[in-house]
Structure formats: C-alpha cells, structure tokens
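*Asks:* So the chains spell out like this:
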Amino acid sequence: MPKEVTDVICPFCGTLCDDLCITVSDDNKTILGVKNACAIGSEKFNHQRLPGRVKRPRMRQADGTYKEVSYDEAVDWTAKMLVKSRKTLMYGWASTSCQAMSIGHEIAEKVGGIVDNCATVCHGSSLIAIEDVGVPSCTLGEIKNRADRVIFWGCNPAHAHPRHMSRYSIFPRGFFTVKGHKGRKIYCVDCRYTDTAKCADEFIQIQQGYDYELLNAFRTAARGGDLPDAVGGVPKEKIYEIVDDLKTARFGIIFFGMGLTHTMGRNHNIDIAICLTRDMNDFTKFSIMAMRGHWNVTGSGQVLGWQYGFPYAVDLSRRDQARHQTGETTSVDLLNRNEVEACFYIATDPGAHFPVDAMVSSARKPTVCIDPHINCTTEISDLHIPVAMVGVETGGCAYRMDNVPIETRKVVEPPEGMLTDEELLTKINKRVDELLVKGGA
Amino acid sequence: MAEKKITLNIITCRTIQQGVGMEAGKTSQKYFDACTIIQLHPDDFKRLGAWKNTNVRVTSSAGSVILKAVETREDLVPGLAHIPMGPWANRLVPAYTYSTGEPCFKGFPADIEVAANERIMGAIEVLQDACGLIRK
Amino acid sequence: MSEYIIKNGHVFDPVQGIKGDKKDIAVKDGKIVDKVGSSAKVIDAKGKTIMAGALDIHAHVAGPKVNAGRWYRPEDKHFDSHKVPGITRIEGGKSIPTVFKTGYAYARMGFTFAMEAAMPPLYARHVHEEIHDTPIIDEGALPVFGNNWFVMEYLKNQEIENSAAYVAWILRQTKGYGIKVVNPGGTEAWAWGLNCLSIHDNVPYFDITPAEIITGLMKTNEYLGLPHSMHIHQNNLGNPGNYTVTLDTLRLAEGVKANNNFGRDQIMHSTHLQFHSYKGTNWGDFESGAKEVMDYVNKQKNITVDTGNVTLDETTTMTADGPFEHHLHGLNHLKWFNVDVELETAAGVVPYIYDPNIRVCATQWAIGLELALYAKDPMRCFITTDHPNAGPFTRYPRVYAWLMSKKYRDERLNTFKHADKVISATNLSGMDREISLYELAQMTRAGPAKALGLSKDYGGLKVGMNADIAIYNIDPDNFPSAGAEIEKAFGNVAYLFKDGKICVENGKVVDMGNKHTFWVDAKVKENKQVMHDIREKFLKYYSVNENNYPVPESYAPHQHIINVDAA
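These protein sequence lines map, in sequence, to chains A, B and C.
Read in order, the letters of the first sequence correspond to residues 1 to 441 in our numbering.
Read in order, the letters of the second sequence correspond to residues 1001 to 1136 in our numbering.
Read in order, the letters of the third sequence correspond to residues 2001 to 2567 in our numbering.
One thing to keep in mind: the hints can contain errors.
Said to hold, decoys possible - 25 Å max Cα-Cα, derived DSS-like pairs, lysine-lysine: (1) A:Lys35 to C:Lys2540; (2) A:Lys3 to A:Lys29; (3) C:Lys2523 to A:Lys430; (4) C:Lys2456 to C:Lys2523; (5) A:Lys110 to C:Lys2508; (6) C:Lys2007 to C:Lys2022.
By construction, these hints were calculated from the structure, which means they are not laboratory data.
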C-alpha cells in the first residue's frame, strides 16, 4: 500500500514550504505523487524516480568520455586534490543540509579552502548592505498576521517563489488580517509588467537600472523633500502619493530580489532600500526582507556565521584566520583572476549560473562536482560524485528566507549504495586526515 | 526600416518554466525549451525585421550565443530584452563584479541580429564549447 | 575513567563553607570523590586557588540574533580573531565570538556552564545547532515567554494551569531550560512600533499589563516547580529614571514562595540590573540608582540578580527588547538589525561603544560595580556583563579585578575625562569594599548554580558533585596587588576539569571534553484545551506546521535532562 508522508519540507526555494504531502511506494523507494507543492517543487520530487539517474561517481577520461569509478576511488582522488591544492574554491552548499556543511568546513580549515555559497551571485549584494547598515526585518508569519502594505521591488515571486503570495504575502488571512488580500494594498515595482505585477493593486514601471534613484526619491519624499519631475521614469506626483499611502500603513513590508542585487549599484541598491525602511519606522512599523532564492543558501550563511563570523565568501586558506572581503574572496572574482588551484563544487551548478568567463577559468583546474544529477558543471569537471537528494532521500536542517530553521525530512530511500553528502564528506575528511599525516598527496 | 543589427539592454532572470526545466534535468527538453529564448518587445521585432520564433545571434562583450527570439509574456518596454537564466544567458553575462562578487546579470548591452538558419546548442554543449572541451 | 588527586591547593567552596583552606580534592569517573588510589595522577596545586567551574547565568552566545550580530559586523573579526596553536579550530570575533571561540574562551577562564539568555521558540533549532557546535562547556537556553500570544491570552484570564501546560509543552519542543521574560508586553507592542515602559501599560489588543504577565509567569513557574525561577529583563531598560520601574517589578515578588525540589529559594531572577538602576530624568542629570535598588534586593530574600557590568569596550548590544534597540539606534546612529518573530517575541542588535571619555558610559560602569559592592548576600548577586550588551564575557577577569581591588577601580575612576562628574553622580568612590575570593566563588559558582536549581551537582566541590573544577594561578596568601595580574590569572586557568577530564592546561585547550545540553522536561496532566489552542494557532497563524516545530533529538546528542513532575 502506498503511504503518505506529511509535513514534508520542499527543498527548492527560500519559501521553504513545509506542508507538502508526498505519496511513497510501500517499499520506500519511489515517489508516486506530490501534493501542495508548486510546479517547481513537484518537478523536483518527481525527478527522483526518472530513469537515467547517475548512481556512482564518474571520472573524465582523456578522450572526454566519463567512466564509472567507485566511491572509494572518488574519495581518494578528491582528498588528494584538496591536499595538493594550496587554495581551493569550495563553492555551492545552498542545496545541502547544515549538518553536511559543518563537515565541509572542517575539511576546508584543514586544506586551506575558500568556502563560498550561492549568495555570492544572488543576495551577496544584500549581505554587503546588511554589513553596512543592518536590516529591520521580521518572520514571514508577521506578514501573514499583520501586514497591510506589501511592496515587491525587483522580485518576481510568481516565477521564483510561486507559493509565497498564497502562504505569506498577499492572500492569507491572519490574526490581524482577517480580510486577507482585500485588507492589503500590494505594490509591485519592476522594469517589466511581470506575472507578480498582475497580482498587485498597483504596478510601478521603473526604468531598468534606476532602482537606486527611485529608492532615493522615496526617501526624499518621506522626509518631505523636493523631487525632480520624474525619477527612473516615475512621475514625482506618483512618488509622493505612494509614500503618503505607506505612512498610513499599520505594518508595511518590502520584499526585494535580483532586480536590486544584480543591477548597477548592487549593494547600494539594497543599502538605500534598507535605509528607506528604517526611515519609515519613524512613521509606522516597516520591515524589509530579501527573497532568498535557494532553500538553504541562508543555512550556509548561518553555519559560516556561527563558525567563522561571516555569511559567505569565507577564505580559510591562510589557516590561521578566517577572512572575508567581497571582490577578493568571492567565487566569481577568484575564478576571473585565476586565484585558486582547484575547484570543489557541492550542491550547485555554477556551469549553468556563473558567467562563462569564470567557468572557462574553472574548467582549466582540477574540479570535483558533487551533485545528485548530471548538470552543466559535472560535464566540465574531472570528477562527478552523485549523492542522495537532500530533503527527498535524506534529511537535514535548512533555513528559510526569514532565517527560520526547519529540519527537512527523508521521504524515500536513495538509490542502492548511494552516499549522502554527510557520509561522503565524512569519508573525504578522514582521507584528508590520513594524507596530511603522511605528508601530502 | 529594419536594421541588420540592433542593440538592446539585456536582463537575465528566473522564470517558472526555467525552474521546472532545471528540476527536470539540465539535459532535458523542458530545460532547453525554457532557456534558449530571448524575449523581445514587438517594436524591437519590427526594428530587427524578424518574425517571431526566429533564431537570432546575440553578442555581448563576454561572448555570443544563438537563441530563439520570442514575443514577451511579461510585458517589456522597447529596448529591453529578457533571457531566462542558464548557460545560454551566461555566455553573454559580463563577469565583472565591481568588487561586489556579483556579475552583470541584469542590465548589459548586447547586439541582436537575425541568424535564422543557425542551430541552438544543447545545455552541456554551449558550456563545453566555451571551455574548449567539445569531444571531437 | 581517569583518577586525579589535586593536592595542596587553596579551596574556596561556599557549598561547604571552605574559605581558602588547603585541601586535597580527589576526582574519579567524572565526580569528586572521597579518595582515589595510588595510581591517580597528581596535580600539584600548591600556591593556587581552587574553585568549582563557574556558571554564567546570562549570556547571548547562541541563536539567531547572535548570528545576525556576527553576520553584520565583519569588523568585529579584526581583533582577537586567529587560530591558536593546538587542537582548536579557528577562533573569531571580539564582542560576538564564533561558537568555537566561545567554548574555548569560557573554558580558559574556568567556566563550565553558560546559559543562553533568550531563545525564540520558533528559532530553537538554530539555538541548538549553535550550542551543539560550541565546544567543552555545558549549555542551556531559556525560551522567551513574556510576549507570547498563548501566554498573554491565558494570563489575561488568569488560567495558570493552562499557562503551565503551554510552558511545559514549549520546554519540551524547544529543549528549553526555564521561563525567560524580556520587556514583557512591550515587545509585542513593538510589532506595531509601540512599547510598554511601565508595568501598568496596556499591551495593544491583548489588553494585559506587564505586571500581570510577570505575576502570572512567576505563578506558572512555581506551579511547575522548575529548577530555575522566572528570569526577567524588566521594562524600560536603559532610560534615566527607570529604577522606579525596576522597584515596581521587584516588588511583585513580595509574598510569593518558591516551590521546587532543586534547592532554589528565589522566585524572581532580575537580570543585568545595571541597565535598570538609573536615576535622573534625562542624560544630563543621569545618576546611579544602585543603592536604592540594592537596598530593596538586600531586604527581599526571594530575589536573585546579576549585575550586567559595563566593561568600557566597543561591543554589540543585542536583546529581545526590540523597541529599546530601535531607540538606541536613534541615539548613536549605528547600524540597526531587527526581527519580529510571529506570535512570540522580537530581537534587535546595535553596536555600542562604551567610551570612557563619555560621562554616561563611565557612570554606567560605576553603577554596575556598585551593585555588586552593595550586595549583602553574594549568594544572591551574580557577576555578568549581559554578554555582549555591556561588554564581552572575555572581560570577566577585568570585572573581577575591579571588584577585588579598590586601587584598580579607583585608577580607572579617577582618570576618566569627566571624573568629577562621574564621581558626583555615583557612590563608587566612597566604597571601600573589596570582594574576596570566597565571595567571588559565591557570585560566580555556588550562587548561580543554586539559582539555576543545579546546586546538587554543580557550583561546589563537595564529594559527590560533578568534577567541574577550575584551578587558578592565584596564591591567596600572596594576592596580586596589581589589577592586571588579577585579570591575567582569572583569564588563563592553570587547569580546568570538566566532568573529571582536564580540558584546559596552562590556558591552553587540550581536550574537548563532553559537552551537554541541559534542558527541563516538566510533566503535566494532559491538557486538551491547550493542545487544541496550539493546533488552532498553528493552522491559522504560524507560518510553519506544528509537526515541524520541535527540536529533533539529533540536534542535542548529549542531553542532560532535568525531569520535573508537575502532574
């Protein structure tokens, strides 16, 4: 008899929905159905049982083909690579568990690695801004229960966090928000009329790349200052009107995404959005929240934070001190300037998501890629080590976009003999110890 | 009067189809269909003198890639084009980070010209080609 | 397990009333025993001071706001942030140490236990992940209840039994130690940008006052018979004139009796009292209220307090008193972090520089010391810095030195830029008392252990107690005259025994020992009303499912569970 596993946490995006219901075959090996997940989450769980799943490590041969090797061989090759390299980029982490990250950091400290996570190409700008000006924020339940003004600025949850609007930000009826979306006014600021904008009460079309200027104008308006006729394509009358409306809110929230982090200005865009939020607290209650993309990039930041004191781009290569300096210890920059000797990727696919110049640099170095599936990176790496899917075939702690930790569940068994990230990293750690005692690779 | 080559401001970002395709697998048809497109405003189609769903060559300071030009689903403005994130988009993204760690994923110029008979590469191929790793 | 015999040391043990006598201490199988065999390893403690391992009753060392502080202060890693040769991991952070540094730094100072002062229940898994990664020392965490929707609704209707059932449920879900109350009612008001500055202000919508919350939670605590008492951070922290709110709050303890099987006498623990002992009406006429507050505390025997000493450092303030942090940011304009936590609490973080050249900071420093020096019963007044709010815990040796040497603190007091103004606003210059080693043992070991309900096994050196022992390079017969020497001795133990294992030797970590997570499992009668309320609130108002709320066992692999039967 198939059985239902409830309260399952979806390991896709920072929304970290925890109400999924997965139907599993009675031998615990196959997922038969997914309820409550969005299209992307459903696809992830369904992908578990598709044929063609890689079950053992694959090593690139001289002629470009890949040959299967054992886990022990893969562990040995990886450990030798790490011990030999003076400075290894250890990037990814955003789709594995906190428990696995902890073991990875032990390895990094021993071999002198640079531990960086996907924030480096995502909300890194936000983290820099937070390092400069702090951030007034809240948990997602506060939005559900209290928020009556919601602004989506430079983000598109309809595509990137599909259930966000129904679970937290637009539609839910909460304790002080019994009218649901009818009691909320939703604004959407974007350079395109996105599907999220279609759910908003008011769409503000901004000229692409002018977010800093428009946020600056909002701040000026909030302080009663003068504005030019239009800023970023938005007329000043509209700016004053919106700010006046926001001041009448009981609880306002700004959600923002890559429209601020990726565009010209980077961290300055978020810096000023945070300052606007802080200014608004002089008039009413206002918060701001980054729409974290991956289901556990926040977790990687948390573990790096409590172990080394920084949220990402942590350089442990000097072995005596943890260093963090964006532009110097961030992955894309390290690859651009050829400053690492080896690449260790886990739970990520920079081949698909890093700019090509960085990956051309990466492809020239000994590279290991740890991922349940074949992806762009595995096909330019020397070694691909498959592991169990976290949140599906093994559990582990994850942190939601509002930093709330939730323990993901094991729903089905991984393929026969496949290791989890934790098991693999433990083996690599042990092998590294053996090699270091012997005096190197 | 159609121009042979137009310059547009490019943004690259997630779409739900790209997300679904990614989870289906990087080598899947769903992923290919979701990511190998560049969305243009109708005015820009006119300027280019191209039909919808024509292959085009897109060239930025970082590189060049063939994509299928489609009409936008989420309204753009003339001069702004959208490519879903992925290895095709990243053939074009300038890697410079302004010391922030973040490359120029959104807001960089690229030239578009019609390339109706040129083939779009596969996901692995487009990356391996850039890295000089195509198996002979 | 190893056997040790610690010979010839000067023992300071308030549990047995030993005030520096030379006494041998025998250790076997993790406990202090009567005697050991001839094969026991001999530790020569000649000319050294021996005390039980210290307990920090209130520090912010593990959790979401602590980590937010680490994230947003990369500059905090500019100092004292490097790997020490040996078996330790990379250490980092001056005011907000990383978890590795936290464990090592406490151990090097002779501490074996730290209580994480405020755990938001929704974030409990995070607190436990950090506790798990903090080496050597035992830890517990106090969940916060003073702004909790369930608690406010039950206490408004004076349903103590329901409040107790809910508290017991939370302690189990979060592996929590006791009842923490922070800015009662005011932090819920802060979710609308408001606050409660006196104990009779009404909480918006919930229509309950801080006084009712405090009284109700004290009753709840005694109904359950928990090892620790209600632990409170009063309203109106940090504002001139707030000592009246403090006295109002402390008076709520009158007539309430402690009920527990753990040897605890107090029913209220008032924390970081320095921040709550301010007289005056504004920063201009700001002055010390320490005498008024301690006169009351000295009389009211069912209260314990900890000092919250200012150490005159650049540090980071962090507290569940969200509105206070916003207010502080308005004063010093340094970066402000805030998080409101649904149904439960909030937190704020703001860096702060206690500049000795600033009259107000110097006065705060004096107030903290006065509180300890006015204390008539050192078993009821403990030394803390509300780490990191008034200063990093790594400054405890300096605070001890100021308290134990009038010369050292006068040197500091008389060289302030505005010394004359500070002296006239405080009483410190006229206080001659110097805390003795025995009193220090009361204020940092026996006292906190008793207040936490741990006095049976911790905080003392009696046979049968846990072998958590600190040996300092201080010869009581030749007590250092220079403050700097006192500091150095308390900052680097000669030996630290934890559970009978030597974890630190000559200030260097040599063994990670066995850390435990302490929590309290209070069993109550089945309460269908409370379970129904919990189910309903999770369905309607929380953003996580009820089944995903508890802390899984794997997060605390070594649990020290204290069972309480309150059925």
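*Asks:* Are the hints correct? Go through all of them and say.
*Replies:* Structure-based check of each hint:
no.: 1; hint: A:Lys35 to C:Lys2540; result: holds (20 Å)
no.: 2; hint: A:Lys3 to A:Lys29; result: holds (12 Å)
no.: 3; hint: C:Lys2523 to A:Lys430; result: violated (43 Å)
no.: 4; hint: C:Lys2456 to C:Lys2523; result: holds (21 Å)
no.: 5; hint: A:Lys110 to C:Lys2508; result: holds (20 Å)
no.: 6; hint: C:Lys2007 to C:Lys2022; result: holds (8 Å)
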